[in-house]
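**Q** The residues making up each chain are set out below.
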Amino acid sequence: NAGVTQTPKFRVLKTGQSMTLLCAQDMNHEYMYWYRQDPGMGLRLIHYSVGEGTTAKGEVPDGYNVSRLKKQNFLLGLESAAPSQTSVYFCATWDTYSNQPQHFGDGTRLSIL
Amino acid sequence: DQQVKQNSPSLSVQEGRISILNCDYTNSMFDYFLWYKKYPAEGPTFLISISSIKDKNEDGRFTVFLNKSAKHLSLHIVPSQPGDSAVYFCAASGGSNYKLTFGKGTLLTVNP
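Read top to bottom, the protein sequences are chains D and F.
So for the first sequence, our numbering puts the first residue at 1; every next one is plus one.
So for the second sequence, our numbering puts the first residue at 1001; every next one is plus one.
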């Protein structure tokens, strides 16, 4: 999906390792979100940001941290990965000025062994 | 507690016929509803939406109906095409932060 780029696309971690997922957008949208999708669970909101320097918890924030130091980037961190965090992670942005729906990246598939 | 429910995990229809995907919600604060389509290994793509002040919205082959009293919405695809085969997510939003609550999705298969 043009405009929202997620890095990396795939990653395998061992339990206890840490890593950071990067979401970069070039659309100048204020709001950014991190979701996780698990089989049979739909998408669930982890954390979100309503602007540079702000973050807030979503539905399933435990075990994750986020930062929004620059408007175009939203980082999702796993300090000590657990097998329960094996999932597909999606980043999304929302342009509140145009009121267009949330725009998603193509996801990061993360496996924790 | 699921606030957005899609009770049919899958649906199979013949090409050219109508596909009807259903969604129920429980939170009365939701005022904006969306349908997203998702292909494997891609992110969800916005399809169509409806505000709570309307009961119907059309966009080409896609129509969304909202019944607020029943807290129910449905997506109609007419005529269905094989390229419509995908997972369809119903989502709802309420409040100023535009957070979306998703259903579990329905896998639509359109057979040629």
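Mixed in with the good hints, there may be bad ones.
[Said to hold, decoys possible] Calculated pairs, BS3-like style, for lysine-lysine (alpha carbon to alpha carbon, straight line, at most 25 Å):
#1 F:Lys1068 to F:Lys1056
#2 D:Lys70 to F:Lys1068
#3 D:Lys57 to F:Lys1056
#4 F:Lys1037 to D:Lys9
#5 D:Lys9 to F:Lys1099
#6 D:Lys71 to F:Lys1099
#7 F:Lys1071 to F:Lys1037
#8 F:Lys1068 to D:Lys57
#9 F:Lys1037 to F:Lys1005
Don't read these hints as lab results, they were simulated from the structure.
**Q** Now tell me if each hint is right for this structure.
**A** Here is how each hint holds up against the structure:
no. : hint                   : in the structure
1   : F:Lys1068 to F:Lys1056 : holds (11 Å)
2   : D:Lys70 to F:Lys1068   : violated (40 Å)
3   : D:Lys57 to F:Lys1056   : violated (33 Å)
4   : F:Lys1037 to D:Lys9    : holds (20 Å)
5   : D:Lys9 to F:Lys1099    : holds (24 Å)
6   : D:Lys71 to F:Lys1099   : holds (18 Å)
7   : F:Lys1071 to F:Lys1037 : holds (21 Å)
8   : F:Lys1068 to D:Lys57   : violated (29 Å)
9   : F:Lys1037 to F:Lys1005 : holds (16 Å)
In the structure shown, a violation is registered for the earlier hints numbered 2, 3, 8, in ascending order.
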